[in-house]
Amino acid sequence: MKITGTFLDEISYDIPHQNWGEREWDDDFAAMKAIGIDTVILIRSGLRRFLSYPSQVLHRAKGCYLPPVDLVALFLRLSEKWGMTFYFGTYDCAECCDSPEREIQIAVDACSEAWELYGDSPAFGGWYLTKEISRRNKFAVDSYAGLGRHCKAISGNLPVLISPYIGGIKSCDERPVTLEEHEREWSEILSAIQGAVDIVAFQDGHCEYDELADYLRINKNLADRFGMESWTNCESFDRDMPIHFLPIKWEKMLLKLEAAREAGVSKAITFEFSHFMSPNSVYRSAGNLYNRYREHFGL
Amino acid sequence: MKITGTFLDEISYDIPHQNWGEREWDDDFAAMKAIGIDTVILIRSGLRRFLSYPSQVLHRAKGCYLPPVDLVALFLRLSEKWGMTFYFGTYDCAECCDSPEREIQIAVDACSEAWELYGDSPAFGGWYLTKEISRRNKFAVDSYAGLGRHCKAISGNLPVLISPYIGGIKSCDERPVTLEEHEREWSEILSAIQGAVDIVAFQDGHCEYDELADYLRINKNLADRFGMESWTNCESFDRDMPIHFLPIKWEKMLLKLEAAREAGVSKAITFEFSHFMSPNSVYRSAGNLYNRYREHFGL
Amino acid sequence: MKITGTFLDEISYDIPHQNWGEREWDDDFAAMKAIGIDTVILIRSGLRRFLSYPSQVLHRAKGCYLPPVDLVALFLRLSEKWGMTFYFGTYDCAECCDSPEREIQIAVDACSEAWELYGDSPAFGGWYLTKEISRRNKFAVDSYAGLGRHCKAISGNLPVLISPYIGGIKSCDERPVTLEEHEREWSEILSAIQGAVDIVAFQDGHCEYDELADYLRINKNLADRFGMESWTNCESFDRDMPIHFLPIKWEKMLLKLEAAREAGVSKAITFEFSHFMSPNSVYRSAGNLYNRYREHFGL
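The listed protein sequences derive, respectively, from chains L, U and V. Counting in the working numbering, the first sequence runs from 4 upward without gaps. Counting in the working numbering, the second sequence runs from 4 upward without gaps. Counting in the working numbering, the third sequence runs from 4 upward without gaps.
Chain L with its partners taken away, still in its complex shape (with noise of 0.2 Å):
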């Protein structure tokens, strides 16, 4: 089971930035391209008031400040350039929220821009939903449901990604989830979102190493009866760890893929390659991970 795709993480939430221009940017491609890694996804367009492209939508309706740097344009050039998929991810507004109608009204919009502004690239391929949940959230899916139909409307039907987690023992949630919680949340939320959400990736990283491959079947199932795919989000972060957060043990990436591969997701991604797995990363264990990684795989 390989890493095919990865996140890009800016504008970040809570990992360090690493100031990188469109050389390292350039060269972090390269290094994807090397392993297999086809598709990339914005994790957000912007954060609170920063923004990875000029938008006059979030400038207007969020005061964001207008970026230094076209980040979505420079990804796309990119990622035609690398033979990659390039997904948009949207507008997270976190604690800055307004009314929640607002919100979706505003991320609507600026979908629209971002359609406008960069639809005719041959690598713009699909949309990706930023809100990450665990359980039901009312918000959430009339976000998801109204976001994702008018992102594949207005782009003949780009497929649209979500990328939501597991409650579990290692989750901020108050008590950890059960299976049968889990099961019974998602199959009402998938079910409430069908025909505006393609493909579902459920971040590997809240539960126990020996409760995942239990997690992955229950998903799998799930997105089949819903008519989605299922992919699994391998976190090539630890969590285990006291700094929040470095790249992960090879050993531990390592089992959650052979998981993924027995439960027969169709593909793999990963939050995220250019920090936690990159031999450009600032962190050097993140390049270590990525010749683990190769030596294991052969490549």
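Please note: incorrect hints may appear among the correct ones.
As the list claims (entries may be wrong) - Below are the DSSO-like pairs computed for lysine-lysine, each with C-alpha atoms no more than 27 Å apart in a straight line:
1) 65(L) <-> 270(U)
2) 255(L) <-> 134(V)
3) 5(U) <-> 84(U)
4) 65(U) <-> 255(V)
5) 134(U) <-> 141(V)
6) 255(L) <-> 5(L)
7) 65(U) <-> 65(L)
8) 36(U) <-> 84(U)
9) 270(U) <-> 5(U)
10) 155(U) <-> 65(U)
11) 270(U) <-> 36(U)
12) 173(L) <-> 134(V)
13) 65(V) <-> 255(L)
14) 173(L) <-> 65(V)
15) 173(L) <-> 5(L)
16) 255(U) <-> 134(L)
17) 84(U) <-> 141(U)
18) 255(U) <-> 36(U)
19) 173(V) <-> 134(U)
20) 65(U) <-> 134(L)
21) 134(L) <-> 155(L)
22) 36(V) <-> 5(V)
23) 65(V) <-> 65(U)
Said to hold, decoys possible - With the C-beta cut set under 10 Å, the calculated list includes, among others, these residues of chain L facing chain U:
24) 14
25) 15
26) 17
27) 18
28) 20
29) 23
30) 52
31) 66
32) 246
33) 284
Worth flagging that the hints you see were computed from the coordinates, not collected in a lab. Glycine included, every Cβ here is placed at the ideal spot set by N, Cα and C.
We have chain L already, so just place chains U and V on it with the hints.
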């Protein structure tokens, strides 16, 4: 608005040591020089029991350890070599303080000793009073006034610098300060230390990026009113990330430098070059920040 | 007082993984050798579900995962190549422990298995009992006694090492221990484990630097009284910084080594070379510490 000065964070409070020797420091002064830095400011000459130079005064009064290397001598030597002006930072007793009067006396004696030891270096160009405050604080103001006057008196009126912080949303203060409180209290403080302090370089990292311009304008006006110089201390580490602390995102530094330029601040210094902005830093994103900075300013 | 031994921190508790393969470990043994290290101590052969070697005993008893690489075999191979003595560290169930009796039995069986698998290596030179305590602790003392005797019995009396900590101001203990309490309790503990433990290497990082000499003297006297060897475990990471943990400042390490020399300690080991003191470490300040150490000792 270019950065032309930096703190030297030895002895460090909360920034991990890089374990540099003379060669590494020499390389770093070269890297500073290459982007136009002409001023280096020792953040403190001692903290608790650790010293940057073999101070008999502090060894006797506070039980400080005599250090294996005389960093003050080293920094002065490198300042002479690279054409920098060196500011000597005072001793910080932190939570090991005795009575305020005694602490001021010890600091006064240590400054006299430092001037005896190093005052003949042509690079010795000023004093930095190490205490950092955000609001009215009788001990600090007394200390600034007493220590600042003493330093100027013994050194032929060399300039005295302080670098307070804004009690904003990102400070640990119980409640963020308002612009009005900030202006009122700093008007009182500057009035009380007139003649003892020449330069005020507020740290720029404790408020939101869009609040900074207002604070910088107030700070500039206050300094003008009391006949002081107004610098900005443009922090090169990121206060918004869970790892405390790693290099700042270039976009954020640029926003802060732009705000300082618009406020008419006369000089920008940073805390600090060697960990957070240097190609020699143990943090690789610091070298990337250096490259982004050079590209932007064509250096 | 030179450092001639180091722990190998696999499987790690709270230190992020470097993701080294055989080549990287080989390079690191070379770097150890270059400064005179002759002893390597596996800190633990397993922790919770993760193992350093394919232990059927622990796989069955504790549901441990079988690892992709046999690190014990690798470390023995490299110890033979580089002329090191290897100490095998016992299994740590951490908070996943069953009854004390059962845990001791599992550890005993795992040590027998390890001796079966690796006992014919000429580098296998001792045992390390992985539990770290600071104060009286019946379970730990019973475990030291039972496990230590067993290890010695099966291996022709190979030496057994423990590395407790001082319950000082930097420990997580509720209240710092006093010198008198430390001496009284460790007198009882060493009395109870005589014949089962040969070497006591207290960690040197939990008290203030100026308190260390007194503790080291007590530890040396106690070891002498009970016919044990007294080593110091000179921690090479910094306990005084908010990031837990990065390499220690050279000055601090030097203070601690000086205190050990004065106390007449017979050998200094460190926790641990590969992350915190190695030119190969992912932390660049570790390589700088290595350089400062070499310069100081003319190595």
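TODO: May I ask you to test the interface hint for residue 66(L) with respect to chain U, counting a Cβ-Cβ separation under 10 Å as satisfied?
DONE: holds (7 Å)
Open item on the list: For a C-alpha distance cap of 27 Å, please report whether residue 134(U) and residue 141(V) respect it.
Closed with: violated (48 Å)
- [ ] Have a go at the residue 20(L) hint: is there a Cβ in chain U nearer than 10 Å to its own Cβ?
- [x] Check passed: Cβ of residue 20(L) comes within 4 Å of chain U, closer than 10 Å.
Open item on the list: For residue 255(L) and residue 134(V), compute the direct alpha-carbon distance and say whether it is at most 27 Å.
Closed with: Cα-Cα ~24 Å, so holds.
Task: Satisfaction of hint between residue 65(V) and residue 173(L), Cα-Cα up to 27 Å - done: holds (20 Å)
- [ ] Would you mind confirming whether the straight-line C-alpha gap from residue 5(U) to residue 84(U) stays at or under 27 Å?
- [x] Cα-Cα ~22 Å, so holds.
Task: Pair hint residue 270(U) and residue 5(U), alpha-carbon separation not exceeding 27 Å - done: Holds, because 8 Å separates the two Cα atoms, which is no more than 27 Å.
Task: Closest C-beta approach of residue 17(L) to chain U relative to 10 Å, hint status - done: Cβ of residue 17(L) sits 5 Å from chain U, so the hint holds.
Open item on the list: Between the alpha carbons of residue 65(U) and residue 255(V), is the straight-line distance 27 Å or under?
Closed with: holds (17 Å)
Task: Hinted pair residue 255(U) and residue 134(L), Cα distance within 27 Å - done: holds (24 Å)
Task: residue 246(L) as an interface hint toward chain U, with CB separation required under 10 Å - done: Status holds, d = 6 Å.
Open item on the list: What's the verdict on residue 36(V) and residue 5(V), does the C-alpha distance respect the 27 Å limit or exceed it?
Closed with: Holds: residue 36(V) and residue 5(V) sit about 13 Å apart, inside 27 Å.
Violation of the numbered hints given earlier is confined to hints 1, 5, 7, 17, 20, 23; the remaining hints are satisfied by the structure.
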